[in-house]
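Spelled out from the first residue to the last, the chains are:
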Amino acid sequence: MKQGQVSTLNDKKRHTRIVASVVIPLISICIALGCFVAFALAQGTSLEGLYAALYYGVLANPNFLTQTMTRSVPLICAALAVIVPARSGLVNVGGEGQLIIGAVAGTGVAVSMGDAGVGIIGIIIVLLSGALAGGAWGYLCAVLKTAFHAPETVSTLLANFIAADIMLYLLYSPWKDPDGSGQPQSKPIAADLRITTVAGLPIAFIIVIVIAMAVWALLNKSRWGFAARVVGSNPVAAFRGGLSVSRYAHSAMLLGGALAGLGGALNVLGAEGQLRPGLTTTFGFIAFLAAFIAGTSIWKGVMYSIVAAAVLVGSNPLQLRAGLDGNASYVLLGVTCLAIVVISRKTGRAS
Amino acid sequence: MGNSDVPALDVKGLSISFGTIRANDDVNFHVKHGEIHALLGENGAGKSTLVKMLYGVYHPDSGRISVDGNTVDISSPSVARQLGIGLVFQDMRLIPALKVWENIALFLPDTPALLEKEQIVTRISEISARWKLEVDPMATVDDLSIGEWQRVELLKVLLQGAKILILDEPTSVLTPDEVESLFAVIRRLQQAGTAIIIITHKMREVREIADNVTVLRKGKVVMDDVPVSSISDEELIEAMVGHSVSSEHRDSRANYQARPILELAKINVQRPDGTIGLADVSLRVYPGEVLGIAGISGNGQEELADVLSGYARPESGDIVLADKGESGADAGGFASKGITCIPSDPIRQMVVPGLDIASHVALWEHATNPHARGYDVSGAGKRIQKHAAEVGLRIPPSNRILSQLSGGNIQRVILSFAIALAEKCIIASYPTRGLDVGTTADTRRALLAVRERGCAVVLISEDIDEILEMSDRVIVLGNGRIRGCLSGSEMTRSSIGRLMAEEETEQHEARAGEHVE
Amino acid sequence: MIEIILAGGIAVGTVLLLPSFGELVTERAGITNLSVEGSMLAGALTAFIVAKTTGNYAFGFLAGAFAGMLVAAVFASAVVFARANQLATGLICWFLSLGITSVIGNSYNGQAIHQLRQIDIPGLSSIPFFGNIFFQHDVVVYFGYVAIAATAWLLYKTKTGLIIRGTGERRAVVDVSGHRSSLVQFAAVLAGGLLSGVGGAYLSIGQVGNWASDMTNGYGFIVVAIVAFSGWRVSLTALGSYLFGMSISAASVLQAQGIAVNQYLLDSLPYIITLVALILASRTNSRQPEGLADSLSM
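Chains as they are written, first to last, in the working numbering: chain E, 37 to 387; chain Y, 14 to 530; chain Z, 242 to 539.
Next up, chain E with everything else stripped away, as it sits in the complex (with noise of 0.2 Å):
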């Protein structure tokens, strides 16, 4: 009858492996910045000013590392908000929406709770209500999926623009600054609940990587990793297996959405001091093509939203002194997620 094919593939050979992880990025690379230089002189920029930028923007910039970290964490976080629905099989592409929601759900509580000095109990407090907000919104979307049938991908995805026009709504009426200056943006948050540096690493991110750690060993050494693996991999066999599909989907969306509020909130309490529109744009889609090209891989995802945050960071300065408006980095982030996607497609899938 309608038989399903079966196609067995072949070992890949572990050097075809490393090609394909460290060569291939970096020729990718290579030629998207080819594009972008193209792009840029196309806009009428000229190659001095491209250097300036550059020039500015990393190597005489003191801060390029710190701010590449400081900019990481919610990369990071959106990130992980990818790879642990994705073991589980299912599709995050709402860390952005998530993102917002943690931030806002974060700002709230830390805004509440005004100059009373609670310090790193307040810092806990607000931490864990981003985290629990982007974990609903993002349980939300599973529950669609489990009982609805409701794609998850597409309702992420609409979760975003949900997001961030209740994130807008607050900050143009009840949240609005009264002495920000007409600006629609939040009170700022007390120095107190503020996540600062040591030692010239900033904590927020030394958090992140300890929150990374955990979820990797998460994934790769508890029985809930095993079985969510199970399950993303091959539902029918779970249930054969004994693992309830739905438990382990909702599972694993509640905690990326977690980690992706509780990224959201990091950045505010960690880089911004208050809510603004624009804080997020567009990170946790970032931070998915991170983890799509990272492949599940916990730690390459990690690394992937380093580079990115670097290459924004590093970016910065091309509106001023290269002219091209500030959204031209993502034609650079772009053309090179494309180079490498096409170029290393088999590389980019989930396992």
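It is worth saying that the hints were derived from the structure and are not from the lab. Computed from a prediction, not measured in an experiment: that's the story for all the values here. Misleading hints may appear alongside valid ones.
Said to hold, decoys possible - Listed next, the in silico EDC-like pairs over lysine to aspartate or glutamate satisfying Cα-Cα at most 16 Å (straight line): (1) Z:K400 x Y:E131; (2) E:K257 x Y:D389; (3) Y:K65 x Y:E182; (4) Z:K398 x Y:E182; (5) Z:K400 x Y:D123; (6) Y:K231 x Y:E251; (7) Z:K400 x Y:E129; (8) Y:K65 x Z:D416.
Assemble chains Y and Z onto chain E, guided by the hints.
Below, chains Y and Z without anything else, positioned relative to chain E:
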């Protein structure tokens, strides 16, 4: 029709290799117009490869193909079709969502840019009337029976004006009735001068329909263009298998005095699309018996296996396990009750990509004992090797990734742990489908061995010979209902076939009823 | 007011309708193109620049169509010929388009252009109520009506449509039937990009009359959702597009009437409605083309 002395199709010295495997080695045979020629061989003998070369899907490394005496280069399926070669694939190439006429229009090269439905439908009706191939051109393919699918495939090929017709395992999914009507069509085509090649591994069919036979084994022709009437069954089997296999006589271990292990009472299952899966099915499985479930697949087998192994909850009816009442449909099914299952499509239903054998076993051990604390992967890897050795199955080392193994190896691994973990019963769906002779024999022996510890086997199969060889009792399933239960001397090929055919007529009546409404 | 909302809905709905039909054809061929959003952005900016500099709207629309197709061509080359992942490639192409249009369009931000002229269809436009809603629009809305009929005709009455539908179901069968399914998919994606480009162009030079960075604001993703919950059917895709147009136009009419509802809450309405529609659609047993099964997975 061309000169009758010149073969319609002549193949000389055809060879092809894939990597180090020589799939076809110096293959020769020829077919004349008006001849029915059988290509006989086991799974993996190279029949399908040969067909794909004749149809332009593969290109031979060496050798020559002639059509009507002219050497041709069949570089693609469309070239093959232009040469008048038509192929009815084994895995029917139709699009279920489209209507019959749309499928045919998609296939025909002379379909006009603006679809003229009436004209296409008329053409289909003419051809189908001419060869007595009854199909409703307006039906959606998804709604057709498997026999009708095949008729559509035949129509496609005949509308192309094929002079050389290749049928790849045409009867493997048909009821005896449908086989008869297919053979009738083939004979009509033969009388009209079509050269017909039938690919099969069933000797009985060769005898029934073919004029001449060519036998392939391991890519080589071992018997070349022999008239079927001049050769005995034993010689054919010998040629096909290499050594003659005698079916083992075995004795029963069934204990019908004991309490049944599993009992179904008036089970009804509805499929998601609203059609009947199982209707009013009642049966008992006793310790130590092999209960064969015969019938054409798609007649409730899938649903029955799911209900028996606890993966599906029936709409109504009771499932009684030896100790207490059960309803089923939880993750893991009845695994924790000592009932394991070999699913009909193990790769889809049990294999987790990227996971090694030991992890699969750990997962399954956990399903049989959900209260265990965790997954004991390394222990499971050792245990499965021990169990496999006990039942005489060779399986790869436990650290190998299961999804990367060959179909036969996957089957042996799944069989090993289904057997190892079964305390009371194994539900085996098509356990030997697509396996080579050696693995098939291993599988059957291993399944029979579980009876020694009082475990029962429910054997769901389309292969009547397998059912007869293995079973103590046979239930024939048709249209979701039990058509009859046979045991002892009632169990014969013809009695089973009759029960299956009975189901067919009933289906036709049901259809006729639908049309009236 | 109802009339204004409904008529506005038809006009705004056309912005979604054209890309929806593009995406419908694309998905019927077995590809989900998430970069509809990117094609719309490219179409919107290009049309604006060309219309602004030449003063000719027809050139504007042509250029917009071409730009939309260009984005689709990048997507299609990666997805059809390199078999790159559709979800990731779609997002990347949207990203690229967002970045490029932001950079190029920077100097056009805030410039205005007059909107398209309204053409009343003689006779039909004077039908009470309905004439107002359906037949007092600009030429692009009428083009939308034609696009509905043309798509239905293409998909169901021509051999090309049959091949497209077959490709979306089982490519392998189409290939053995002697057609080139990859070319069919490539062409279907390009056609989708073309219509998305026109949709974007209609947004900038037809509806709003200016250009702003990221002005499509997720409409392209709503388009993908519309096609999904319409069950890949022509009639429901059209209905869905116009209904969304109406929800958007209702929001702006309510605001113009001074009804105090926050703009951003109203903005989120279409997305919420889309989610609800997706849930409701899951109850109908519409059949997804088989070839789309994995198109939105990683």
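Each hint tested on the structure:
A threshold of 16 Å between alpha carbons decides the hint, and for K400 of chain Z with E131 of chain Y the separation of about 14 Å falls inside it, so the pair holds. Only pairs whose Cα atoms come within 16 Å are accepted, and K257 of chain E paired with D389 of chain Y is accepted, the gap being roughly 13 Å. At roughly 13 Å between alpha-carbon atoms, K65 of chain Y and E182 of chain Y fall within 16 Å of each other, so this suggested pair holds. Between K398 of chain Z and E182 of chain Y the CA atoms are separated by roughly 35 Å; this puts the pair beyond 16 Å, and the hint is violated.
Restraint check for K400 of chain Z and D123 of chain Y: the C-alpha separation of about 10 Å stays at or below 16 Å, so the hint holds. Using a Cα cut-off of 16 Å, the hinted pair K231 of chain Y and E251 of chain Y holds, with the two alpha carbons roughly 14 Å apart. Of the supplied pair hints, the one linking K400 of chain Z and E129 of chain Y holds, its CA atoms being roughly 9 Å apart against a limit of 16 Å. Taken as a hint, the K65 of chain Y and D416 of chain Z pair is honoured in the structure, with Cα atoms around 15 Å apart against an allowance of 16 Å.
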